[in-house]
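**Student:** Listed here are the chains, written in short residue letters.
2 protein chains.
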Amino acid sequence: MSKVRAFAPATVANMGCGFDIMGMTLDGVGDVVSVEVKEGDGLRIENRTEVELPDDIEKNVITPAVRALMEAFGEKRQVDVTIERKISPGSGIGSSAASSAAAVYALNEALGRPFADERLVEFAMEGEKLISGGTPHADNVGPSLLGGVVLLRGYEPLDIVRLPVPDNFCCSVAHPAIMVSTRMAREVLPKDIPLRTAVKQWGNVAGLVAGLSLKDVNLVGRAMCDVVVEPYRKQFIPGFDALREKVLAAGALAFNISGAGPSVFTLSSDMDVAARVGEIMCEHFATEGVGSDIYVCKVSNVGARVLND
Amino acid sequence: MSKVRAFAPATVANMGCGFDIMGMTLDGVGDVVSVEVKEGDGLRIENRTEVELPDDIEKNVITPAVRALMEAFGEKRQVDVTIERKISPGSGIGSSAASSAAAVYALNEALGRPFADERLVEFAMEGEKLISGGTPHADNVGPSLLGGVVLLRGYEPLDIVRLPVPDNFCCSVAHPAIMVSTRMAREVLPKDIPLRTAVKQWGNVAGLVAGLSLKDVNLVGRAMCDVVVEPYRKQFIPGFDALREKVLAAGALAFNISGAGPSVFTLSSDMDVAARVGEIMCEHFATEGVGSDIYVCKVSNVGARVLND
Numbered sequence: 001m002s003k004v005r006a007f008a009p010a011t012v013a014n015m016g017c018g019f020d021i022m023g024m025t026l027d028g029v030g031d032v033v034s035v036e037v038k039e040g041d042g043l044r045i046e047n048r049t050e051v052e053l054p055d056d057i058e059k060n061v062i063t064p065a066v067r068a069l070m071e072a073f074g075e076k077r078q079v080d081v082t083i084e085r086k087i088s089p090g091s092g093i094g095s096s097a098a099s100s101a102a103a104v105y106a107l108n109e110a111l112g113r114p115f116a117d118e119r120l121v122e123f124a125m126e127g128e129k130l131i132s133g134g135t136p137h138a139d140n141v142g143p144s145l146l147g148g149v150v151l152l153r154g155y156e157p158l159d160i161v162r163l164p165v166p167d168n169f170c171c172s173v174a175h176p177a178i179m180v181s182t183r184m185a186r187e188v189l190p191k192d193i194p195l196r197t198a199v200k201q202w203g204n205v206a207g208l209v210a211g212l213s214l215k216d217v218n219l220v221g222r223a224m225c226d227v228v229v230e231p232y233r234k235q236f237i238p239g240f241d242a243l244r245e246k247v248l249a250a251g252a253l254a255f256n257i258s259g260a261g262p263s264v265f266t267l268s269s270d271m272d273v274a275a276r277v278g279e280i281m282c283e284h285f286a287t288e289g290v291g292s293d294i295y296v297c298k299v300s301n302v303g304a305r306v307l308n309d
Numbered sequence: 001m002s003k004v005r006a007f008a009p010a011t012v013a014n015m016g017c018g019f020d021i022m023g024m025t026l027d028g029v030g031d032v033v034s035v036e037v038k039e040g041d042g043l044r045i046e047n048r049t050e051v052e053l054p055d056d057i058e059k060n061v062i063t064p065a066v067r068a069l070m071e072a073f074g075e076k077r078q079v080d081v082t083i084e085r086k087i088s089p090g091s092g093i094g095s096s097a098a099s100s101a102a103a104v105y106a107l108n109e110a111l112g113r114p115f116a117d118e119r120l121v122e123f124a125m126e127g128e129k130l131i132s133g134g135t136p137h138a139d140n141v142g143p144s145l146l147g148g149v150v151l152l153r154g155y156e157p158l159d160i161v162r163l164p165v166p167d168n169f170c171c172s173v174a175h176p177a178i179m180v181s182t183r184m185a186r187e188v189l190p191k192d193i194p195l196r197t198a199v200k201q202w203g204n205v206a207g208l209v210a211g212l213s214l215k216d217v218n219l220v221g222r223a224m225c226d227v228v229v230e231p232y233r234k235q236f237i238p239g240f241d242a243l244r245e246k247v248l249a250a251g252a253l254a255f256n257i258s259g260a261g262p263s264v265f266t267l268s269s270d271m272d273v274a275a276r277v278g279e280i281m282c283e284h285f286a287t288e289g290v291g292s293d294i295y296v297c298k299v300s301n302v303g304a305r306v307l308n309d
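For the protein sequence lines, the chains are A and B, in the order given. So that you can map any letter, position 239 of the first sequence is 239 in this note's numbering, and since no number is skipped, the others follow by simple counting. So that you can map any letter, position 226 of the second sequence is 226 in this note's numbering, and since no number is skipped, the others follow by simple counting.
It should be emphasised that the hints constitute simulated quantities derived from the structure, not laboratory data. Wrong hints could be hidden among the right ones.
Going by beta-carbon spacing under 7 Å, a handful of chain B positions derived as facing chain A [as the list claims (entries may be wrong)]:
(1) D20
(2) I21
(3) L151
(4) R153
(5) V161
(6) D192
(7) L195
(8) A198
(9) V205
(10) A206
(11) S213
(12) A223
We treat Cβ as the ideally placed atom computed from N, Cα and C, and that holds for glycine.
All chains should be built: construct the whole structure from the sequences, respecting the hints.
**Tutor:** Quick look at the structure:
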């Protein structure tokens with residue numbers, strides 16, 4: 001019998017231009033899950049948070065993630081999962097990913113670490129598959145497990161590249177109290193895009209990765225710009241363009257939609273700026289008649305980890 | 001009166017996935033141009049090579065590049081340009097770019113270096129504008145002037161990022177004796193592409209830049225893969241798919257079209273492999289009834305430079 005508590009951080013997928021291929025890790029915000037492994041064969045999930053989650057474990061993202069790991073492990077065990085802390089679902093900062101990531105991370109530890117962290121990404125992706133209707137994504141589970149910026153070069157086979165983030169990357173995230181389902185956010189996207197627009201986007205993707213490598217926060221800021229997806233999704237976010245102007249004027253280096261939204265985030269190179277920008281975003285949504293949760297934190301190089309009691 | 005001889009290297013634009021935003025510098029292949037600056041006001045261009053070039057200087061790429069520099073310089077001079085060595089035009093390894101780059105580099109030196117190298121890229125781009133029918137590109141002039149891999153994050157304003165290349169990057173280029181005009185190579189491209197395909201491409205672009213930064217030649221090889229442009233342009237190159245199979249079997253890490261073609265190139269991490277691959281490419285085109293020029297060289301971190309007599 002072995003019990004492990006793990007934390008897995010919230011994440012910002014897409015990072016502006018890197019739609020579907022990139023995500024980054026937030027510091028201090030995330031899910032806490034404990035996993036107990038016993039003799040037997042089964043899976044129980046208990047939700048001890050105030051967040052409402054489906055009672056049916058077949059609808060919980062943790063289930064397919066845990067089952068994928070146990071199948072690869074090849075021996076039967078009774079696995080008891082307790083969700084102790086949970087980011088609000090639909091927040092756009094990788095809520096489901098943090099749950100799957102924390103669960104597989106804790107389970108792997110409880111089993112004596114049979115799998116490398118990169119392999120855990122594949123298991124956690126099974127949870128993402130459940131909510132995305134079959135398409136596996138790793139742009140949230142990747143950074144939640146591995147930390148830093150995680151790049152998915154390709155999915156067939158899965159090619160994960162981890163890039164460290166410079167120390168001074170600060171993030172302000174606003175989660176406005178609006179419901180935008182991932183499905184809705186996907187359906188609004190065009191099937192085809194102009195080649196000219198695609199070239200602009202991959203110029204920015206290249207600039208973003210180069211900026212991270214060269215630790216050039218200004219280059220990262222210039223490159224964190226989405227000409228493909230944002231034009232279609234910003235309609236869901238009240239006063240999007242006006243808010244961008246306000247946060248850039250306050251010193252933020254970039255302003256984008258986090259994941260499929262409705263959360264938005266800014267990048268800054270200074271915690272004071274990040275804090276001020278957080279206030280501006282909160283005021284903005286209040287003026288629009290929308291409440292919001294604000295997170296101001298560093299971008300972290302540390303992903304999922306064991307919590308000692 | 002001041003006279004300077006300069007060399008500017010050949011370059012491989014696009015590098016597979018980086019269509020229109022990236023190029024790399026070859027070692028040892030390139031153009032040699034000398035520039036003499038005297039009192040007066042005018043431009044003369046003399047071609048001392050065996051390559052046929054237009055007699056009308058208005059049709060020579062060097063002319064708009066030199067004029068752009070002189071206009072920014074703001075004083076009048078008589079500029080006499082002599083082309084001493086020239087890569088074949090239409091080779092797909094940045095022939096026109098090497099001429100413009102060598103000319104502006106030599107001219108800047110002859111004037112006492114009034115401009116930084118990055119500024120020279122803007123002048124040399126005027127030459128590219130002449131041959132592309134108005135669209136300025138820097139994916140050949142950039143690396144030819146600056147060396148290494150040059151990334152064009154954006155054009156408005158021009159945002160140039162230089163990335164150093166690891167020492168062991170070797171390139172084999174084959175220039176088959178086929179005429180493919182840049183115009184023809186452009187016209188065959190679709191105006192729109194599927195968003196799914198674009199995402200794959202920018203995943204590879206991100207992987208390519210990450211691989212360069214992490215000095216991971218295998219990642220660079222995996223990422224140097226073009227799912228957008230190659231499907232339309234490979235028809236111009238006899239036996240393209242069969243040749244790819246042969247060079248990859250011989251140890252090359254990637255095989256792609258150089259620039260708009262018809263040249264093709266491979267990346268290897270070893271000069272012996274690069275040499276063997278060069279032979280395979282030469283044999284391949286011979287079997288197809290097409291002669292070819294083969295270049296086997298390192299990828300270089302050095303761009304345009306002064307040649308001492």
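**Student:** All hints, please: hold or fail.
**Tutor:** Structure-based check of all given hints:
| no. | hint | verdict |
| --- | --- | --- |
| 1 | D20 | 5 Å, holds |
| 2 | I21 | 4 Å, holds |
| 3 | L151 | 5 Å, holds |
| 4 | R153 | 3 Å, holds |
| 5 | V161 | 5 Å, holds |
| 6 | D192 | 4 Å, holds |
| 7 | L195 | 5 Å, holds |
| 8 | A198 | 4 Å, holds |
| 9 | V205 | 4 Å, holds |
| 10 | A206 | 5 Å, holds |
| 11 | S213 | 3 Å, holds |
| 12 | A223 | 6 Å, holds |
Going down the numbered hints, you'll see the structure goes against none, and every one checks out.
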